[in-house]
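**Student:** Line by line, the protein sequences give chains A and B.
For the first sequence, our numbering gives the first residue as 1, with consecutive numbering after it.
For the second sequence, our numbering gives the first residue as 1, with consecutive numbering after it.
The hints are simulated quantities; they were obtained by calculation from the structure and are not laboratory data.
Wrong hints could be hidden among the right ones.
Listed below are the simulated SDA-like cross-link pairs for lysine to any residue, each with C-alpha atoms no more than 25 Å apart in a straight line [unchecked claim]:
(1) A:3 / B:83
(2) A:2 / B:18
(3) B:37 / A:315
(4) A:284 / A:294
(5) A:216 / B:83
(6) A:3 / B:25
(7) B:2 / A:28
(8) A:3 / B:45
(9) A:331 / A:285
(10) A:216 / B:216
(11) B:235 / A:332
(12) B:216 / A:94
(13) B:314 / B:261
This structure is a prediction, so every number in the text was calculated from the model and none was measured.
There are 2 protein chains.
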Amino acid sequence: MKKTFFTPGPTELYPDVKNFIQEALRDNVCSINHRSKEFMDIYKFTIDSLKQLLNIPDNYSIFFLSSATECMDRIIQNCVEEKSFHFVNGAFAERFYKTAIELNKNAEEIKVEYGQSFNFYNIEIKNSPELICITQNETSTGVAVNPENIYNLKKNNPESLLAIDIVTSAPYVNIDYTKIDCAFFSVQKGFGLPAGLGVLIVNEKCIEKAQSLKNKNHNIGSYHNFISLQENAVKYQTTETPNVLGIYLLGKVCETLNRYGIDKIRIETDEKANLLYNFFDNNKLYKPFIENIADRSKTIINIETENKQNEIKKSLSDIGIIVGSGYGKLKDSQIRIANFPMHRVEDVYRIIEVLS
Amino acid sequence: MKKTFFTPGPTELYPDVKNFIQEALRDNVCSINHRSKEFMDIYKFTIDSLKQLLNIPDNYSIFFLSSATECMDRIIQNCVEEKSFHFVNGAFAERFYKTAIELNKNAEEIKVEYGQSFNFYNIEIKNSPELICITQNETSTGVAVNPENIYNLKKNNPESLLAIDIVTSAPYVNIDYTKIDCAFFSVQKGFGLPAGLGVLIVNEKCIEKAQSLKNKNHNIGSYHNFISLQENAVKYQTTETPNVLGIYLLGKVCETLNRYGIDKIRIETDEKANLLYNFFDNNKLYKPFIENIADRSKTIINIETENKQNEIKKSLSDIGIIVGSGYGKLKDSQIRIANFPMHRVEDVYRIIEVLS
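The shape of chain A in the complex, shown without the other chains (with noise of 0.2 Å):
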């Protein structure tokens, strides 16, 4: 039978993945040299598309590396000196926050519980940190925050940096990036591609703030600097070697969803996501995590199964549908719905219908 995964990522492929990787076996893009003119070409074909599908201003720039972790990583190498903070409200929030500490920073953190998000009325943020980290879409919970608190945040920190995680609501969110300095994701969630590519998105004051360290031999990291990347990505390089099938395929998804319409993803997104919270709000038995209906994401919706999870998981998987677990501590008590652009509002029917 054949498998349809709403797991949150690594997820089901984008339909037309298989087919793109023939093209790029039958025109030998594995085998180009990444100095070349075709390898150059497909890494600006990416850029432009990805900026068009984002709405990414020209002034950014795109940097390709391995993971949303490794984003985590340099990020926090090239943008703090000293003082970090960080939203956190789940696992991967905890991550970014365990980074800057792991890299000997002086991280600061505003913690509530999973599956809260924050009262951004009442933070006050003290001591100037040089970067604020958050992440927007949080995917151990299923937490969304809404992208104006994130501009307002900027709007009262104007001399911190701003940088968040949308490893698993990109493309679906709507980003203002004039408003943001720096935004990250991986390609294996809502662009539907295999994983080992992470897509970082920063603009000119990340890139400034990491010259300014490294003008005072603070240590900005070796080839994956901001200054390196950024020499290479003029020129449509890379430092090293990268991941140019994935940079290709991720240009080719990204010109298959510019064809379909970001507003029309986003539009069926919404409608996916209602379908399961009504539904889910309905139930007897599984609830959604999320209470409060603002701070629910629309691309990974977390479920409580009043530790039904496996009976739940197993009716799926005997239709051929397969959904994630619930993350960390929540484990074994939830299930994870992943709701991106390649799922399909028939297939969103069948779980519930099969769940019903």
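Please build the complex by placing chain B on the supplied structure of chain A, with the hints as guidance.
**Tutor:** Quick look at chain B alone, frame taken from chain A:
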């Protein structure tokens, strides 16, 4: 016309790779959870197959990173508090040295001209570096170092860790891993795979060194520090979502090479190298760049073209064979011919015929 890439890497895909990719797509390798038993089985299979192929002792750990360049970065971060020592005879040895400088280490180098190797009998390494770095096969120049010289280095400097770059010599080069501490390569060279995966082999001394640095509150990096890599590796897992497809394909290629026999691969590599060197030694126009026969790499063959580079590349590409240009300052005057397991002797004869 079908193209065959004799480039130093990315290079020709190993012939079975296209089928392995189809199998991976059929078996949902790109969609499975990277914490699942399915993934752990793939991981273990790849590690076991690679250890068998390269004869890596059981007590050595293998970490999956994203490139050989990342391997350099993480080795310096985790094995050097202050002092490293570098044998520099080309662009990639220089990259290793530069990595240490960028990470603010007190890095010393012994440097020889491009195309030369070292006089190992006269070298005395002073100041007890914590790490000695040597490029066993320098991809930019085609100089290879006899492993016996490397083992002697370790014997004469037992207190230093020894790291070797085997990026373009693995799996051909026969290393006695008990006589070194650390080695690394990337898969888009001798393993004929898509780029995006670096493989780092370390013994327990490297991990102990990282632990001792950590105990001193020294920055050894975040998610890819050796402690975190090791904690996950023993569970057949990775810290972040890795390049799952790359790990899967590496296992399949290692299995294929094991079945074919590494001894046979080594004999064939020698034979193909001898054919090429003999031809160019007897050619009036083009000469092997490396004069000293003992220093010649069997896997990267640099040829001085007397400014006929374009002509040579053109006549070869006319029959579908793509060779590399020289590297860095040798870019325009040389060609580089790779000689990896997937490169067939029939095609070597075709190269010779066309250039005769």
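**Student:** Looking back at the hints listed earlier, which ones does the structure fail to meet?
**Tutor:** 1, 13
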